[in-house]
Amino acid sequence: MERKTIIIDPVTRIEGHAKITLHMNEKGRVEDARFHVTQFRGFEKLCEGRPFSEMPSLMARICGICPVSHLIASAKACDALLAVKIPPTADKLRRIFGLAQVVQSHALSLFHLASPDLIFGMDGDPARTNIFGVLEQNPTLAKDGIQLRKFGQQIIERLGGKRIHPAWIVPGGVSEPLTEDNRDAILKALPEALQIAERTLEWFKSVTENFREEISVFGNFPTLFLGTIKDDGGLTFYDGKLRITNASGDVIANGLDPVHYAEYIGEKVEPWSYLKSTYYKPLGFPEGIYRVGPLARMNVADRCGTPRADQEMAEFHELQRTAVLSSFHYHHARLVEILYCVERMEQLLTDPEILSKHVRAFARPNALEGVGACEAPRGTLFHHYKIDEQGLMRWSNLIIATGHNAVAMNKSILQVGKHFVHGDKMTPGMLNRVEAVIRAYDPCLSCSTHAAGHMALKVELLNASGEVVDRLCRS
Amino acid sequence: MTRVLIIGYGNPLRHDDAIGWRAAEELARWLPVDDVDVLIRYQLTPELADVVSESNAVIFIDAGDAGEPGDLTCERIEPERERGGFTHECSPGTVLEYCEKIYSRRPRGFQVTLCGEDFDYGEGLSPKVEASLPHLTALVGHLVKSESSRPNAA
Numbered sequence: 034m035e036r037k038t039i040i041i042d043p044v045t046r047i048e049g050h051a052k053i054t055l056h057m058n059e060k061g062r063v064e065d066a067r068f069h070v071t072q073f074r075g076f077e078k079l080c081e082g083r084p085f086s087e088m089p090s091l092m093a094r095i096c097g098i099c100p101v102s103h104l105i106a107s108a109k110a111c112d113a114l115l116a117v118k119i120p121p122t123a124d125k126l127r128r129i130f131g132l133a134q135v136v137q138s139h140a141l142s143l144f145h146l147a148s149p150d151l152i153f154g155m156d157g158d159p160a161r162t163n164i165f166g167v168l169e170q171n172p173t174l175a176k177d178g179i180q181l182r183k184f185g186q187q188i189i190e191r192l193g194g195k196r197i198h199p200a201w202i203v204p205g206g207v208s209e210p211l212t213e214d215n216r217d218a219i220l221k222a223l224p225e226a227l228q229i230a231e232r233t234l235e236w237f238k239s240v241t242e243n244f245r246e247e248i249s250v251f252g253n254f255p256t257l258f259l260g261t262i263k264d265d266g267g268l269t270f271y272d273g274k275l276r277i278t279n280a281s282g283d284v285i286a287n288g289l290d291p292v293h294y295a296e297y298i299g300e301k302v303e304p305w306s307y308l309k310s311t312y313y314k315p316l317g318f319p320e321g322i323y324r325v326g327p328l329a330r331m332n333v334a335d336r337c338g339t340p341r342a343d344q345e346m347a348e349f350h351e352l353q354r355t356a357v358l359s360s361f362h363y364h365h366a367r368l369v370e371i372l373y374c375v376e377r378m379e380q381l382l383t384d385p386e387i388l389s390k391h392v393r394a395f396a397r398p399n400a401l402e403g404v405g406a407c408e409a410p411r412g413t414l415f416h417h418y419k420i421d422e423q424g425l426m427r428w429s430n431l432i433i434a435t436g437h438n439a440v441a442m443n444k445s446i447l448q449v450g451k452h453f454v455h456g457d458k459m460t461p462g463m464l465n466r467v468e469a470v471i472r473a474y475d476p477c478l479s480c481s482t483h484a485a486g487h488m489a490l491k492v493e494l495l496n497a498s499g500e501v502v503d504r505l506c507r508s
Numbered sequence: 121m122t123r124v125l126i127i128g129y130g131n132p133l134r135h136d137d138a139i140g141w142r143a144a145e146e147l148a149r150w151l152p153v154d155d156v157d158v159l160i161r162y163q164l165t166p167e168l169a170d171v172v173s174e175s176n177a178v179i180f181i182d183a184g185d186a187g188e189p190g191d192l193t194c195e196r197i198e199p200e201r202e203r204g205g206f207t208h209e210c211s212p213g214t215v216l217e218y219c220e221k222i223y224s225r226r227p228r229g230f231q232v233t234l235c236g237e238d239f240d241y242g243e244g245l246s247p248k249v250e251a252s253l254p255h256l257t258a259l260v261g262h263l264v265k266s267e268s269s270r271p272n273a274a
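Listed in order, the protein sequences are those of chains A and B.
Note that this note's numbering gives residue 224 to position 191 of the first sequence, counting from 1, and the numbers run on in steps of one.
Note that this note's numbering gives residue 159 to position 39 of the second sequence, counting from 1, and the numbers run on in steps of one.
Accuracy of the hints is not assured; some may be wrong.
[Unchecked claim] Simulated crosslink set (DSSO-like; lysine-lysine; CA at most 30 Å straight-line):
#1 A:LYS238 to B:LYS221
#2 B:LYS221 to A:LYS176
#3 A:LYS118 to A:LYS263
#4 B:LYS248 to A:LYS78
#5 B:LYS221 to A:LYS221
Note that these hints are calculated values from the structure, not bench results.
Computed from a prediction, not measured in an experiment: that's the story for all the values here.
Next comes chain B alone, as it looks inside the complex (with noise of 0.2 Å):
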């Protein structure tokens, strides 16, 4: 079982929402990969709950919108259940919930943001965005130091 999954998504041509993309790929390049998974997506889905169930945590990467350009974010989610009308895509908290209603395991979750300010069409980080990006990748790196300690309690 993978003690901790890394879901890093958006969109990479539209600047700034490829944040989680990039922190994901750079992750991928230095995390011990034996605790440790790494997915990028273009968005949520309800099959990624399958991937989910099999680890002990779960950090969600993703761009934001509210605040400052650059700032950074780290949250703990739960299971939500979506009311009403949805889209194609699913938070994270609904990957969550279909997590513990299908396999009922319940990893503990994490969303990780990073406020951006450039979502126009074109590839690249905006530079404040680009400056924080290391900000992203170490605290991640922290939590998965962290969660890859703790006891299985999925």
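Isolated chain A (complex conformation) (with noise of 0.2 Å):
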């Protein structure tokens, strides 16, 4: 049998531009795979020259579907050029829009793209598997991801503004104070929030039993895994220091300052992607591998810090006695997480502090460089700015969790295609898996022009030639 590439491009219900190729050797079986990112991020440069002002709304344009956190590292990176420390209020108010976000990511990545699969199978209909198959099968969960999307975007339009890119965020705090109307309105929508995540959680722990092959094959290796943690070990979004912990579970790395991000993470440029590969730079490349995100955060945190997400974090460990290392349990991850935000949400706004009119330090720049980092809801995200005397941007470095799941992706499309994909053809459940399990990491790709892309999936088997001898199309 001849040495073959099956290749899928683009990849569906991921955000933004990448194809995936899958090597079949001459007995028609996966030997090597790669996840391929081909749309250019052009926006470290587009910044060169602005005021560095600009960068927090400006940076925000990133990302159609998590804008808050480049806006929160933005801010966070131009709070250091000010050299200010923000007032206590601002920082909780942060800290509610990034939690207001990460539920309504998370909520879009389960209920929108990966609740077909769990209801269906990995070898469901096609015609029925997504969000309408969703609304006849199970209505109160196709209808409950509304809800929840509904909900992190209604607190993000009562902080920020009604657009998709609100301003609210600005270098030395916000833009304005909380008022009391508006923390009513929050705190009255928390509750049905609260019901939703339980009962999503009780749903999806009674379908894992069915994808017991898929989780022992879904990106199931050893890696680091890399997230930021609380002075106390417990989670957090917004700050913190980071934590490297191993596949046993141990702490390799503790209270590593964000800022010195360059000294222990390498970025590795493949010719093949525009994504570049973060890695651990005291194992080297490519063993210093690490995950970012959801399944990370509970790998790498002690405790959730609110009540029910501490006691859901706790059952999450007991699902092995290392760290958690099948990628399938992002999904289940990313619900503790929105747990955890919905309760920490109720915590913030019930502060005494949460109304005060102190939200914003206003200073000029006091320092040439500076980063910011927070956890975006698919991980780690850092901003680095380097700014001239009058204030104007010279160089920029943006780390987003995408890249560094990066190499842990290609990984896991090798496992799932070495396992799942065998001979010429390949079978829609086939295919479904070696998605299914990109999907489980929730890329976000590039946020680019949606006029310019063309979401079909095209799947392509070329021969050692490289020639086309098998294509398929799905629009």
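Got two chains here, each in a separate frame; can you build the complex from them with the hints?
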């Protein structure tokens, strides 16, 4: 049998543009896999020469799904340029803003993208394996997804204004304090969101038994895990130090200052992808590969710090005696995090200081270099800026969550491909599993112009000479 | 209930992909606020079905890439069930389908598209597209007037 390559281009149900290449050997077995990101991100160049104060609102436009994370990381980098400590209330309001976005982003991933596979199975009828099939099969779940998205979006609108890219978070704090009406309205919405999170978690745990085979090969391998934790080891999305744990669950680095990320995180550029692959420098590449995002956060944190989420985290940790390794469990981790976010928002909103009018510190630039970091829904996000004496941007570097996970996604596709893909033809079930393992990471690849992007699905089988011997298209 | 909802969407950092944003911003300045609501979005997402369900008509404004730069099209759209895979974003028809299935509402849907030519990184519309923008806003203005005067049929 001749050597073949299967190309899946682009991958559906993920953000941006990507394709998957599966390299088949002479025996018709997958021997290598690559996850290509074909869209060039030009934002780092776009910002050069602009006033640094524009960066938060500009950087927020990188992504339509997680603009708030870019806003927060950018504003924190600008806080460092101002060399200010933002008022405590601004700190809390930014946290609420970030938590609301995590809820809505996780809801989109789980309800909109993953739930069809979870309900109909990986071999489900493609005509039904979509959100409308979910609406018919489990209308409560589908409506809960919409409701949770709406919940997160409305909090963002109440705090930051109606637009998807709010400019409410600014260097030095936030532009407006929280009103009593808005606080009360958000507090009123929390119980329903909590109920949805609880209900969905129970449902998810009831269906995971159907996916034992997928769990065993969906990115189920040892890696490091990286995430931000509070001083007490608790989960946080806004601020803290980085911790790295290994596959045994042991802490191998703790208290890493995000400001010095370049000392311990390396970035490797692959010729076949625009996505930079990151690794933990002390172990080198590829031994230093790590995962970030919900699964990693569950693995690195000791506790959530809210009552119900702590219970669920304890149960999550029982999935495996070491670290929880299978990337299938990203879905589960997302649900625990939604629960945490809703509980944590209540803690913050009932803080006596939350309505304080002191929400912004003003200063001129006092440093020429600044780093801002936070936990975006998909993992740790870094914004690193350098400015000149006039406050104009001279250089920037962004490390996005999807980049941290790039190497692990490659390995995951290879593992799934080796287990499920055989022979000359790719069945819909094989194809869906290859895509599903990528969807578990919920990558956000480019936030591209949708007008120029056509998200059809194309699968090509190429022989050793590069000739297409089979083609499968789905639009 | 809002009679007409306008949703302009796209990426304002990709030159002509900002058409939806620019048009929505212009329209928000001069359309009557009582009968019209204007939203600007990076992309369409499922929860938009909620706000769409509260209108009698919805007009989606987007950039297109099939045709000559500056070409303006307006077409009725119906609820559409996207088949198989889908991304983080929805099509306008899918938002209408959500609206019908979840809220049992079926507002009249329109897609207004202005064809762009430059989708590279950067801000500002290309000259041909910039020159066509007033035609787009005028067309949407007429559409809003027409839809606002219709009896509530959603």
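Status of each hint after checking the structure:
no. : hint                 : in the structure
1   : A:LYS238 to B:LYS221 : holds, 27 Å
2   : B:LYS221 to A:LYS176 : holds, 10 Å
3   : A:LYS118 to A:LYS263 : holds, 18 Å
4   : B:LYS248 to A:LYS78  : holds, 26 Å
5   : B:LYS221 to A:LYS221 : holds, 27 Å
Violated hints are absent here; each numbered hint is respected by the structure.
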